[in-house]
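**Student:** Chains as they are written, first to last, in this note's numbering: chain C, 1 to 319; chain U, 320 to 771; chain Z, 772 to 1044.
Simulated from the structure, these hints should not be mistaken for laboratory data. One thing to keep in mind: the hints can contain errors.
Claimed, not checked - Subject to a maximum C-alpha distance of 27 Å in a straight line, what follows is the list of computed DSS-like cross-link-like pairs (lysine-lysine):
| hint | chain 1 | residue 1 | chain 2 | residue 2 |
| --- | --- | --- | --- | --- |
| 1 | Z | K823 | U | K603 |
| 2 | U | K728 | C | K123 |
| 3 | C | K123 | Z | K779 |
| 4 | U | K544 | U | K728 |
| 5 | U | K603 | U | K586 |
| 6 | U | K586 | Z | K823 |
| 7 | U | K544 | C | K123 |
| 8 | U | K605 | U | K586 |
| 9 | U | K728 | U | K452 |
| 10 | U | K605 | Z | K823 |
As the list claims (entries may be wrong) - Some chain U residues judged to face chain Z by a derived CB distance under 7 Å, without partners named:
| hint | residue |
| --- | --- |
| 11 | L338 |
| 12 | D382 |
| 13 | S540 |
Note that CB positions come from ideal geometry on N, CA and C, so glycine has one too.
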Amino acid sequence: MSKRSDLVAAIGFLAPNLLGFGLFTAGPVLFSFAASLTNWNLQRTSPLRFVGLDNYRNALASDPFWFYLGNTVYLMLGLPLAIAASLWFAVLLNRPLRFSGGWRALLYLPSFTSGVAVMVLWKALLNPDFGAINVALRSVAAGLGVTQFESPRWLLSTKNLLALSLERLGHDPGQWGLGARDALILMGLWAAIGGGNMLLYLAALTNVPTELTEAAQLDGASSWRCFRSVTWPFLAPTTFFIVVMSVIGGLQGGFEQARVMTTGGPASTTTTLSYHIYTEAFERFRIGYASAVSWILFAVVFGATLLNWKFGDRGTDDA
Amino acid sequence: MRAVFAVGLLVLSVASVVLLATSPPAAPSDRAAVVWVSDENPLRQEQIARFNLLRPDRYVLLDPNNGGLEKIIVQTLAGVGPDVFDCYTPYDLMAFERAGIVEDIRPDLARRGVDPVAQTFAAGAPFFTVDGKVYGVLANVGADGLWYHRDLLDAAGVRFPDGGWRWSEFIPLAQRLTVRDAAERVQQYGFYFSWDQWADFFAVFGAKVFSEDGTEVLLDSAAAKEAVGLMRDLVYRYRVSPSPVEEASMASQGGWGSGGLNYLLAKRVAVALGGRWWLATLRKEKGLRLGVAETPHAYVREFYAAGRSTLLARGAPHREAALDFLAFMGGADYNRLINLQADAMSPVRRYVEEPAFLRNPDHPEEDYNHVWGTIMERAVAAPVCPFLDGGEVYRAIGSQLDLVKAGAKSPDDAMDDAARRLRTSLARALEESPALREEYDRRVAARKGARR
Amino acid sequence: MPRSGRLKDLGVYVALGAFALTTLAPFAWMLLASLKPLAEVESANPVPTVWKFENYSAVAEQVPFGRYFANSVVVAGWVTLLTCLSSAMAAFAFSRLRWRGRDALFRLYLATLMIPGVVTMIPNYTLMVRLHLLDTYTGLIVPASFGAFGTFLLRQFMLGLPTALDEAARLDGATHWHVFWDVVLPLARPGVITLAIFAFLGNYGSFYWPLVMVKSPHMRTLPVGLLTFDTVYGRQTNLLMAAAAMSLVPPLLVFLFGQRFLVRGIQLGAVKG
């Protein structure tokens, strides 16, 4: 392959996107960085001034920041499972099925349904006394002969599987159990399985040449071997996309649930960093501080992405 | 696919042209438009229609909001704010004031014959005034009382008194109104309150979050602990109100304490703590026989007022027209309309006191307006802290109440912890801003001087 | 072999059916709640005792639903079109062309996705004021049409495409534009379709940007216009659900139309033919 440079053509192809991107994305992002170095808090009594890294220092030294970061990361624990499950469903749906369009629409339905309806039904499912989930758990417990079974109180409880303590990041064995955060993970899993990731995998699966899979099957390869060695390589770039976007979405996530479903409670356990940033900026007007927290979040996401990049992206191999 | 692009481009172009061609002008060109950021509901539309009818040279346009502040902040920072906008708490008002996006309009209103401070219920003052400066007018006002179903009271052979009464009188009645089935499952609760309504309990115990001058945190006072203790006891000791677990099965929905409104509508509860503003929704349901009683008291027969104010935005594009609208909100037409609509109660005291308030000719069944009148007579303003923002105050209290509500923490410990958190926040706020520190020291010195 | 195949198929249908039941439940609840009187919305019984079909006409009576609907569809349509086109071009440059600084610039693109949108709202809005785009369709469409998301998605998709066809076209002396328009874009169709579904759905439901951008009643999109059923003074859940049910028709159509192209095997035929 000859070395050639397509710089001129590249500029042409990039121009429309780059222009819009520079104006509406890069500019405001730089602006927010500048804001993070100031005490901008919309108060006439404290005039705008440059405060250097004070906002960053204050954030890193505050208990709530670490507590909310803990909540945010905890809520991401379901991501690997969500990605694997959506890949599994995409593979199922990629088979020649009757009504395949109908199945896809059914699985994708949560993305269309009104958030209010989803919330009401999940609240009913998670009801500690009558909810279907606890009823099922209790019958399983009874089947296993567990007599002292205490049903989880889900959205009303501050408990969690990692026994994270209350009010500050730490460990408290008394908090071990299933609580609001676990309920949100379940909801997130449910919404993600048939969601955008499944569509992306469906799109990527169209790239896999049928001849290759058929040839592998004729060779007598098991369906797992066939998937692993023939299909999977074609899915790698899309997987990289999904993982990166999931990590970004997860670290910036929790805003909608917090605002609509839990208002960040009970006892702030479902307050994530993005909800924290929102309340700091638009309830407390501490825009400088909120920008700094955003940039700390950026650093965390960027670090995670670099790791992904190192292990996941194959696009740069031949560059 | 390229065909899809082409067809899409064509269809969208045509549709856009049609939309642009059918865009009516937002306001008639011969009238000065006033943009009002508020919640969009039919009541608001009627209020606007009245003004637009009275003033052929003015035209008010409603710009809907979601109850948050981001719209006002983002728009005002860019210098293109609305003309007038709504404000829901004294803390929000102080924040707007500190941000310099509102201005003192007392002289402008005086020229139009309106003196909001003199004519409005004093308990509503913190919603539109700070340190004697007037930033707008009160749009409505109210305080919570007990809504009840007459049918359910009759069935239980219970009557509520017309005047003031005590929790010790109410609780046995609420227990008789709580109906359980054979399996001990509650079919009907005797009393519903939302834990967000903690201020209503504080009021009747004479408990305060802050001292009058806002320099001291009083959240860990005995009265505050007793108030929270009563909330817990109603659920876990007297068992007349649903616990969080029980309430989850009632599938609550958003709004300010409006879960109670829905439970009342569905007769899941016999009595609920709520404001007169519920009436606007309750009225739509025909055939309900409702009554209202005062919130029972503990140590004082006082209630904390709630309200909504409408403020003039500094640099309002149509300032004079906007001031005319605010003057309208201080006048007879608007205030009488508010009382008829049951958009809570009219902020101007005179119109709650006139006989027309007691009877709405269209709703003769609403024979309890005198109770609302008495409640408002006795309403006071809850002290606020000018050094903290509302978000921090409500979160500090709310996250501790979450734990009490779940039965995971005692009221005493919860209030101690909430008070500690607020004191820390207060210290930090004073440390960060020399101007706030100065004001704080001035107030503390004034209080000490007064004591001596 | 055929027997075990049929058994396997049965298992697939069972798995899909079980999950579909859970996704169908909230959807069904939404439709049923849209037909209830307000007092019954809280009721544990999902089926209305009185069927209020007039809830649907009540929505149209209380708000100019048709106008909000048209605004939402047209704005989301433009955003979708512009996003797909501009992202596909940029993705082509990032995946198929070779030039210095390519990966560095791409990482910069990617990095901007990591900044939460909350803090960029103020500068973006200020920019709109400067450009006199407040309260205009352009102001609703253009800022939403050039994010890094689409570029990233399509770059990844194009990396998964075989390079043989465009190398061949290039040897035949095709210009870059031809390679893009006639070879890569048709091959990338499933990716573009997926992006189109995302872009349409995302923008159709977008709330905060229209909330601050729009002032005139006739410019409102559905999420802003429907606030009237969900205010701080209470929520008319039945009407809200009726409005939601009517609102989801366009995204559902876009999805059903688009997903037909996410089928294995359609690819090669399309190129050969």
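**Student:** Does each hint hold? Answer for all of them.
**Tutor:** Comparing the hints with the structure gives:
| no. | hint | verdict |
| --- | --- | --- |
| 1 | Z:K823 - U:K603 | holds (15 Å) |
| 2 | U:K728 - C:K123 | holds (24 Å) |
| 3 | C:K123 - Z:K779 | violated (35 Å) |
| 4 | U:K544 - U:K728 | holds (12 Å) |
| 5 | U:K603 - U:K586 | holds (15 Å) |
| 6 | U:K586 - Z:K823 | holds (20 Å) |
| 7 | U:K544 - C:K123 | violated (31 Å) |
| 8 | U:K605 - U:K586 | holds (13 Å) |
| 9 | U:K728 - U:K452 | violated (42 Å) |
| 10 | U:K605 - Z:K823 | holds (15 Å) |
| 11 | L338 | holds (6 Å) |
| 12 | D382 | holds (5 Å) |
| 13 | S540 | violated (30 Å) |
Violated hints, listed in ascending order, are 3, 7, 9, 13; each of the other numbered hints is respected by the structure.
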